[in-house]
Amino acid sequence: VPPRAVRTARTMASTHRAELERASARFGVPRSVIVAIWGLESNFGRFQGVRPTISTLATLAYDGRRTLFRDELFAALRIIDSGEVAPDALNGSWAGAMGQPQFMPSSYLKYAEDYDHDGRRDIWGSEADVFASVANYLKRHGWVSGARWGRAVSIPAGAMEKIGEAAPLRTAGCEAVRQMTEALPLPRWSALGVRTAQKQALPASDMTASLVRAGARNFLVYDNYLVLLQYNCAHLYALAVGLLADSLPAAK
Numbered sequence: 001v002p003p004r005a006v007r008t009a010r011t012m013a014s015t016h017r018a019e020l021e022r023a024s025a026r027f028g029v030p031r032s033v034i035v036a037i038w039g040l041e042s043n044f045g046r047f048q049g050v051r052p053t054i055s056t057l058a059t060l061a062y063d064g065r066r067t068l069f070r071d072e073l074f075a076a077l078r079i080i081d082s083g084e085v086a087p088d089a090l091n092g093s094w095a096g097a098m099g100q101p102q103f104m105p106s107s108y109l110k111y112a113e114d115y116d117h118d119g120r121r122d123i124w125g126s127e128a129d130v131f132a133s134v135a136n137y138l139k140r141h142g143w144v145s146g147a148r149w150g151r152a153v154s155i156p157a158g159a160m161e162k163i164g165e166a167a168p169l170r171t172a173g174c175e176a177v178r179q180m181t182e183a184l185p186l187p188r189w190s191a192l193g194v195r196t197a198q199k200q201a202l203p204a205s206d207m208t209a210s211l212v213r214a215g216a217r218n219f220l221v222y223d224n225y226l227v228l229l230q231y232n233c234a235h236l237y238a239l240a241v242g243l244l245a246d247s248l249p250a251a252k
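Residue 1 is where the sequence shown starts when you use the numbering used here, and the numbers rise one by one after that.
It should be emphasised that the hints constitute simulated quantities derived from the structure, not laboratory data. None of the values given here were measured: they were computed from a predicted structure. Warning: the hint list may mix true and false statements.
[As the list claims (entries may be wrong)] Label pairs and their in silico Cβ distance ranges:
1) Pro203 / Gly125: 41 to 47 Å
2) Ala152 / Arg188: 45 to 51 Å
3) Arg178 / Asp206: 22 to 28 Å
Here a beta-carbon is modelled for each residue, glycine too, at the ideal position from N, C-alpha and C.
Build out the structure end to end from the sequences listed, making use of the hints.
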């Protein structure tokens with residue numbers, strides 16, 4: 001999360017404060033998290049992709065290696081059939097992700113919101129619809145209002161062997177989930193020597209957390225982190241969202 005991204009995110013959070021606060025209040029997702037996802041997905045709406053979605057998905061479906069593209073092609077055709085989006089306006093990435101939140105067509109059908117009440121779920125041009133759609137996606141995937149996504153922690157030298165025994169890696173889920181440890185209560189992590197990044201005691205809580213290692217950095221992550229992985233199952237993505245969100249004013 002480079003300083004330039006933080007500066008831009010703060011500017012965007014201030015510029016679109018009213019729309020962000022409306023979406024945050026409605027869906028219980030912090031505006032800082034909405035802004036962070038918006039920034040990572042499309043550079044705050046600047047880079048949405050220009051490839052025609054129908055031909056892109058038809059090509060990928062014809063290739064035959066992933067059945068999901070066939071399903072997404074039919075979802076995109078249902079979007080056109082609904083009349084919400086004209087065929088020549090249905091554009092996105094090389095993989096069919098669309099608009100400022102980079103929704104796949106199936107996600108558009110399930111989670112996109114018409115929050116400016118103009119009769120269209122416009123995730124390409126309406127920030128109100130974009131913010132509400134991102135927030136709705138996270139809420140529908142289990143976002144817990146008022147809870148953290150995680151925190152950076154420090155681990156003393158020689159503690160990883162004990163941690164590996166007490167909290168083995170998960171065995172189910174996408175690759176990123178399987179790179180996380182099983183969840184333990186925070187007091188158990190404290191007993192294993194884990195401290196905050198400032199080497200202070202972890203808060204006394206009955207919350208459970210999993211350990212994520214990213215290079216030389218370590219993080220304890222909570223249930224909301226798993227929701228971020230539902231958006232994009234990659235630790236570098238989810239950690240970047242969390243850290244960028246935490247860098248914004250009034251982050252929760």
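Going through the hints against the structure:
{"no.": "1", "hint": "Pro203 / Gly125: 41 to 47 Å", "verdict": "holds, 42 Å"}
{"no.": "2", "hint": "Ala152 / Arg188: 45 to 51 Å", "verdict": "violated, 19 Å"}
{"no.": "3", "hint": "Arg178 / Asp206: 22 to 28 Å", "verdict": "holds, 26 Å"}
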